[in-house]
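Asker: Residues per chain are reported as follows:
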Amino acid sequence: MIAARPGLVRQIVAVIHKDLLVEWRGQARLLAMGTYAVTLLLLFSFAVGPDTKTLQQHAAGYVWLALLSASTMTLTQSFRVETEAGALEALLMLPVDHRAIYFGKALANTALLVVLACLVMPVAAILFDLSAAEGLYWLLPPIVLGAAGLAGPGTLYAALTARVAAQQLMLPLLLFPLIVPALVAAVKSTSLVLQGDPMGQMSSWLIVLASFDLIFWSLSGLLFAKVVEE
Amino acid sequence: MEPPAVETSALGRRYGRRWALARVNLQVARGERLLIAGANGSGKSTLLRVLASLLAPSIGSARVFGHDVATEAGAVRERVALLTYTPGVYEDLSARENLRAQLRLLGRDDAPEALLERVGLELRDDPVRGYSAGMRKRLSFARLLMQRPGLALLDEPYGQLDPEGFKMVDGLVAELSQAGATVIMASHMVERAGALCDRGVLIDQGQVRWEGPGPQTARAWDAAHGGGR
Numbered sequence: 001m002i003a004a005r006p007g008l009v010r011q012i013v014a015v016i017h018k019d020l021l022v023e024w025r026g027q028a029r030l031l032a033m034g035t036y037a038v039t040l041l042l043l044f045s046f047a048v049g050p051d052t053k054t055l056q057q058h059a060a061g062y063v064w065l066a067l068l069s070a071s072t073m074t075l076t077q078s079f080r081v082e083t084e085a086g087a088l089e090a091l092l093m094l095p096v097d098h099r100a101i102y103f104g105k106a107l108a109n110t111a112l113l114v115v116l117a118c119l120v121m122p123v124a125a126i127l128f129d130l131s132a133a134e135g136l137y138w139l140l141p142p143i144v145l146g147a148a149g150l151a152g153p154g155t156l157y158a159a160l161t162a163r164v165a166a167q168q169l170m171l172p173l174l175l176f177p178l179i180v181p182a183l184v185a186a187v188k189s190t191s192l193v194l195q196g197d198p199m200g201q202m203s204s205w206l207i208v209l210a211s212f213d214l215i216f217w218s219l220s221g222l223l224f225a226k227v228v229e230e
Numbered sequence: 231m232e233p234p235a236v237e238t239s240a241l242g243r244r245y246g247r248r249w250a251l252a253r254v255n256l257q258v259a260r261g262e263r264l265l266i267a268g269a270n271g272s273g274k275s276t277l278l279r280v281l282a283s284l285l286a287p288s289i290g291s292a293r294v295f296g297h298d299v300a301t302e303a304g305a306v307r308e309r310v311a312l313l314t315y316t317p318g319v320y321e322d323l324s325a326r327e328n329l330r331a332q333l334r335l336l337g338r339d340d341a342p343e344a345l346l347e348r349v350g351l352e353l354r355d356d357p358v359r360g361y362s363a364g365m366r367k368r369l370s371f372a373r374l375l376m377q378r379p380g381l382a383l384l385d386e387p388y389g390q391l392d393p394e395g396f397k398m399v400d401g402l403v404a405e406l407s408q409a410g411a412t413v414i415m416a417s418h419m420v421e422r423a424g425a426l427c428d429r430g431v432l433i434d435q436g437q438v439r440w441e442g443p444g445p446q447t448a449r450a451w452d453a454a455h456g457g458g459r
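Residue numbers (our numbering), protein chains in the order written: chain A, 1 to 230; chain B, 231 to 459.
These aren't lab readings, by the way, just hints derived from the structure by calculation. Here the structure is a predicted model, which means the values were calculated and not measured. Honestly, I wouldn't trust all of these hints.
[Stated by the list, open to error] The calculated SDA-like cross-link candidates involving lysine to any residue, where the alpha carbons are at most 20 Å apart (straight line), are:
#1 A/Lys226 / B/Ala300
#2 B/Lys397 / B/Arg348
#3 A/Lys226 / B/Gly304
[Stated by the list, open to error] Over 12 Å on every C-beta distance to chain A, these chain B residues come out as not near it, computed from the model:
#4 Arg247
#5 Ala252
#6 Ala259
#7 Glu262
#8 Ser291
#9 Arg293
#10 Asp322
#11 Pro357
#12 Gly395
#13 Ala404
#14 Met419
#15 Arg422
#16 Asp434
#17 Pro445
[Stated by the list, open to error] So these bits of chain A aren't anywhere near chain B, every CB distance computed over 12 Å:
#18 Pro95
#19 Ala132
#20 Lys188
#21 Ser204
By construction, the Cβ of each residue, glycine as well, lies at the ideal position given by its N, Cα and C atoms.
Work the whole structure out from these sequences, hints included.
Answerer: Here it is in structure tokens:
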């Protein structure tokens, strides 16, 4: 009766496939998150007023704050679909490695945040008049590493708060203080792409981001089983 | 000698100050069909969840095919499937997609159609969100069969089903048994489930109060509860 178990990587791929399929089926949610992030950018630009220089100077910060706020919706949602009909319990009952569940979900959340960032960036470019910025493809490393910085610990905390009634409140309360180093590094490295990097600081900030990701993905991968069991 | 399918020793489980299970000693042979009967809140579901390794015992021990549920949960889950009152599926996916996703996690690529056919589930490509409670239950059964369990734990298998569904459950329990699986079911349909089972136990306030042949469980229930079934 016992079949050979697929390896960790195949299990991770299966979890990613499942999570992205669930998100794809609930496209209205994705659209809502994108609209929410864009609305926040609009509000930032209205709050600052028609001061193009200030808007350009702080554009990276506005973009990452919008992504951070929208990320709590993505992360909450990723576990709401698991708990609403007992799917997480059924998943745990399968002989699946808990690390595969964590890394699969964290990678799927990272992918969703990268997609969200790719939707938000062109809007930010128009709102904050970033047309003078060059080499925008260099935005990809800070976006990917920054999204991973939010999704790594965020997935663990979303699991931790999944059974809490006030999850939407608890998740940011727990997550935001933790991800301050990742947020600062993501904002700085994004800003260096948009504003120019005469001192060559970009690689240092990317190393900070990558180190944060490495530490928190490893820790979260280890702790996930304790969080979801019982 | 092979260990029994289930063996519990002075098993207890506490929620806060309340003991949901207290000193339960139970042995279930491989291939046996056991009915657990009891009133609401008597500890039936807790017992099944402990055996499924989803809840750790507060005291005592439980072993499934020789594996301790608290320390060898992975080995237990290789052999056990649990049917609960929640369907354990993704609401936005269809029945077919739900089963495919779980088969992929098990490293299998067999088509789910035969399973859906077996449980009589139509509307296989519609999102589960639109399913009735009975259809969700049928999908839960398909999920359970997909796991090809050595031990099937069925919590209220007849719940939410129509009379045709009752017959389907009877047939599936017989099939699981023929395939060599051990079946433990908790049900309020004591007469029907008892007739299917080799043995029955009555649980009250977390303790086993009666144990005997399956078909006699209904009579024991009537004696204990004044016929209120």
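Asker: Give a verdict on every hint.
Answerer: Each hint tested on the structure:
no. : hint                : result
1   : A/Lys226 / B/Ala300 : 13 Å, holds
2   : B/Lys397 / B/Arg348 : 12 Å, holds
3   : A/Lys226 / B/Gly304 : 14 Å, holds
4   : Arg247              : 18 Å, holds
5   : Ala252              : 19 Å, holds
6   : Ala259              : 16 Å, holds
7   : Glu262              : 16 Å, holds
8   : Ser291              : 17 Å, holds
9   : Arg293              : 17 Å, holds
10  : Asp322              : 4 Å, violated
11  : Pro357              : 7 Å, violated
12  : Gly395              : 19 Å, holds
13  : Ala404              : 18 Å, holds
14  : Met419              : 22 Å, holds
15  : Arg422              : 25 Å, holds
16  : Asp434              : 25 Å, holds
17  : Pro445              : 28 Å, holds
18  : Pro95               : 5 Å, violated
19  : Ala132              : 43 Å, holds
20  : Lys188              : 38 Å, holds
21  : Ser204              : 40 Å, holds
Consistency with the previously given hints fails for numbers 10, 11, 18, ordered from lowest to highest.
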